[in-house]
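K.L.:
Residue numbers (numbering that gives the first Met the number 0), protein chains in the order written: chain C, 0 to 339; chain L, 0 to 339; chain A, 0 to 339; chain H, 0 to 339.
You may find that some hints are simply not true.
Note that the list lumps identical chains together, so a pair holds whenever it fits in one copy or between two copies.
[As the list claims (entries may be wrong)] No farther apart than 20 Å at their CA atoms in a straight line, the calculated lysine to any residue pairs in the SDA-like style are these: (1) Lys257 to Gln119; (2) Lys13 to Asn174; (3) Lys211 to Arg156; (4) Lys211 to Gly154.
Hints are computed from structural coordinates only; laboratory data are not their basis. Since the structure is predicted, the reported quantities are computational estimates derived from the model, not experimental observations.
Next come the chains, spelled out residue by residue.
There are 4 protein chains.
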Amino acid sequence: MRKDYLQNPVKHIKINGTLTVNQLIQQFQRSGSFGAGKLARACNIYEKMLRDKDCTVFLALSGALVPAGMRTLIADLIRAKLVDVIVTTGANMVHDAIEALDGHHYKGNWIVDDYDLYRQHIFRIYDVFVAEEDYVKLDYQLAEMYRKIAIERKGTRLSSNEFAFELGKRLKDPNSILHAAYEEHVPIFIPAVRDSEFGYIHLLHASQENQKNILEVSAFKETPLICQICEKSPRNGMIVIGGGVPRNTIQSAAIAAKKGIDYAVVITMDRPETGGLSGSTLRESISWGKVKGEADKIMVIGDALVMFPMIVASVIERLGSDFTRTSGSKRRNPETKRKK
Amino acid sequence: MRKDYLQNPVKHIKINGTLTVNQLIQQFQRSGSFGAGKLARACNIYEKMLRDKDCTVFLALSGALVPAGMRTLIADLIRAKLVDVIVTTGANMVHDAIEALDGHHYKGNWIVDDYDLYRQHIFRIYDVFVAEEDYVKLDYQLAEMYRKIAIERKGTRLSSNEFAFELGKRLKDPNSILHAAYEEHVPIFIPAVRDSEFGYIHLLHASQENQKNILEVSAFKETPLICQICEKSPRNGMIVIGGGVPRNTIQSAAIAAKKGIDYAVVITMDRPETGGLSGSTLRESISWGKVKGEADKIMVIGDALVMFPMIVASVIERLGSDFTRTSGSKRRNPETKRKK
Amino acid sequence: MRKDYLQNPVKHIKINGTLTVNQLIQQFQRSGSFGAGKLARACNIYEKMLRDKDCTVFLALSGALVPAGMRTLIADLIRAKLVDVIVTTGANMVHDAIEALDGHHYKGNWIVDDYDLYRQHIFRIYDVFVAEEDYVKLDYQLAEMYRKIAIERKGTRLSSNEFAFELGKRLKDPNSILHAAYEEHVPIFIPAVRDSEFGYIHLLHASQENQKNILEVSAFKETPLICQICEKSPRNGMIVIGGGVPRNTIQSAAIAAKKGIDYAVVITMDRPETGGLSGSTLRESISWGKVKGEADKIMVIGDALVMFPMIVASVIERLGSDFTRTSGSKRRNPETKRKK
Amino acid sequence: MRKDYLQNPVKHIKINGTLTVNQLIQQFQRSGSFGAGKLARACNIYEKMLRDKDCTVFLALSGALVPAGMRTLIADLIRAKLVDVIVTTGANMVHDAIEALDGHHYKGNWIVDDYDLYRQHIFRIYDVFVAEEDYVKLDYQLAEMYRKIAIERKGTRLSSNEFAFELGKRLKDPNSILHAAYEEHVPIFIPAVRDSEFGYIHLLHASQENQKNILEVSAFKETPLICQICEKSPRNGMIVIGGGVPRNTIQSAAIAAKKGIDYAVVITMDRPETGGLSGSTLRESISWGKVKGEADKIMVIGDALVMFPMIVASVIERLGSDFTRTSGSKRRNPETKRKK
């Protein structure tokens, strides 16, 4: 019916004085259009995931989120039990470890002489700078950890989440994502663990050990665990920052578990037209059974460094300080059992 | 020197409880990277423009901002004297007039059968719907206004800003951008006025009048005024939403005035690689003298429906309720003189 | 039925030896997916427009196409009668005039010190450079043309297409778009004519003439003509490069003419999510009646400097050297009549 | 000097009759601006890589290239010895295997009811459809291959390139990328092998085998090999389609080998502003030492399904039918030695 199309007038955004983040998001909810409407919807969906006691919240991390300032935010989400499972690129955990070992990321500039940076042994990530010595320190300290883990684990092959767990145990920085996840029993999956400094630290470790007693990480060993988490959880929600391997891993686990995602928020700048997974729409994901047809879902086109903190701030404000949530890991994380 | 590159460590974003919009922006200021750093910088620059008593603030509007919920926000900025000159597409003023004449925009959806909408006489702007009858009402009421303006002005050719002024005088809705600008003597330039429903209302008007005594709008008449405003103002700042004709018009006025823009914020999703003006960098604008080499400037890549309200909310919070500003139009707007 | 979805297997692209452009496009037709499928479809649609004797072909130009190398291509299309009507930004015609007056555009670089360019009086358009002296020459020679046109036209107001026609008559360079259009009676509409150097040349002209006997261009006068062209043509096709005012002008003319576009190719990098017209899908245009529900239409996401020449090369190859087409302007262009 | 900026005038593109792909690219070379200039430069760089007898050519594949029609093109490049090493997502090899086992990809549509596709057991990749039964067939046939490989390899852990080699040996389709690479001794690295159907086939395989005698793939084992290839090659060139793990893997190998890439072509739609590796500029890569400061390099912003075939067609035309090249794998591929 025609009137169904014309039910909800756009209410114009009004800013009269100081607004909290959630008050602004509520304005976006009322205007409800373009990126503002999508962002408001993303907040609603994340809130729903958290209030649904039967939902496991997966967080996918890709892009240089940790170098750019999201490290504490994510560690705090883990400690507040507002995320249950993390799937990430190796690089984000490498940068987490750099700071855990007293290294830094620096505010830089995107217009700079990169060859001069190269000569100065400074690496650039858009407008973030990293000093080579922080990488060198990382390499040697982590190679030493690899050695100890290999000894402890006596040649058994680790999954990427066990590898993350072992690192988190040893990186005793309260702001570290790896350490917070270790303490809170939040599994961190790193499906492409080799494609990051972790891979080259492995080269160093292997050369130090003369190729003997080296740490073994299995490419496939993590697969059953993430599928089981999906399978055992009555409902599954995902928040995807970026796309790539982390998004694909969660969606594929949902298929393998024959469940389909129930709640989905994707924050990305990628678009569907060139056919890559990172930009694929959540509607496309329905055809595969990755996301349920009736799922609450939204794709926010924007920079995650702005969008994700807004979503978190809005939802934390909504939940209030009394809100508590039992982490999904309490029921599920096999690491917990293994520790006993 | 190497240490110059490594001075300011990224401080990680922390959200512990309810934050105001500006508190979140301050977090972005401290992390300072990627889109978050740029957004924080944009807030700083707009604040500076407003605190600089010698700066005229130009606001460029393109894209469907009014249909999507920015109408009241912009009208309020005009009334609060936080913007001095507007350069806009015709379409945004058309949609302002639609609401001033009791029409509406509706929250819709971007996945919809457009042919069904066509049959139902509903027009779609991404996820906003407009009913054809609101356009028809607009057409007839504005054609009547055109007739009266033509009679009053007795065949003199209007500039686009005089045209906007005459409409604003007659659209007596306090939330109307055109009306607020009329009341506050903020000139609204519409360089491509013909490329919008205003052009087709002119067809209707001309047919109603048998091509006699029709409203004349000159393509070039507005040019000297906008150049003079730039020229007489000690400093000029621009906030560009989108790009296209409105951005180009302000930048070209700055060249013609031999001044160059002093403060610039551009919010867009366009990129420079395909060479269009909308995505051109502010650095590129320096080569032309459109923007000064030492200008405070930033390009925010993002959806204006999210970014611009955040900037406004942050800056209003910073300014506080006691802040007052003398509108640039007090000194400058020739409309003011004409009225006496 | 399920089998309807699974009828046409992707045939993989095969390059064995030298291919003509159209042979490669035929490969894209057979693979048929992502950008390659869309590009092949765009070629088919342009070919159809040209073979449909009752179709008027509108070409919309936005972005810095002329500075970057598309000037001769467009002039040749006009002379070959493969385009009937042009709607363009002012800037493209300004750059056409610069070369007609022996100015140049230079291959430059996008990584360059823009402040040094500014000091050297060189303007940058992404990776194209223009020398200020070529603008100065343009300004003075066109101001002189404005003077002569104003005298000839004795104070009657010109439409933007009459303005373009008068310039084309005087710019006697066979490679000039304006001149080719003048000779071939192809109307060039410049709805935002004031927003370009043409506007600032008008300032110069007016100051030289002491504000007397100055060239008058009407904002609205062109509107009836473009609507009539649409109305009288049994079918209308558009090829849009970029978006903005030129795309909007053609689509609005189609509504005013109560016709709807029959064939549409849009080449752009803009996307729909932020609601701007330039990125709006052709499906969205159906709701308005701008494009017909059953229209042959495709939106190619890509750089026009690559995509448009590929389309033209493919279609010229298909048409062969014997193909002739009667230009739509023969039947329609009022300029032709006016000349007699 | 000023004249240095103004040396090379843009020569306008001219299409007079049938052009070969390389003739069109030569036009782009002469116009030299925006996307056309970049594409022409990419062709020059790939040609240079191939004519440099001391250069190893790495090809990075991400995005759904095989489903969309690039399978034969890549297999032919391998057989023609125009690529020496491949680094790919798992998914592209999964889709290669689907076709090797007589499955298909179908030309579909991006506007479709995805829930209907879901009910019909059809999966969508933008505008490509895949039938579930082709995945099921793949699962069972590959699980059987896994079993045989596990038996042959007797529990030794494979690297991802050994895994690809074993599959290629068994998939006896001449158009298969995996098979062509096997025959030509071109190593295929799949650093995130687990993140694709290969991971879920492993689940199936493990369940069939009751978790005994299962195929082991090591996450890190491939790392030394790709580093050695870089190290031993006097010069290294990369062509990156997309970005993600494959691009990162090649660039990281270049650092580990202390070499830096000498020639680089990246084809992507990603942009640098949000800080992800996929959109990072090649200049940024210089700061890391991933790409040499003096490298011949270009980033082409566009759809790889159009851009890469154009580059290949242009370069094959330039090389002519007499050109022969000794594959880098002749000297390097350890698989070759292992086979003896």
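K.L.:
If you check each hint against the structure, which ones fail?
P.N.:
none
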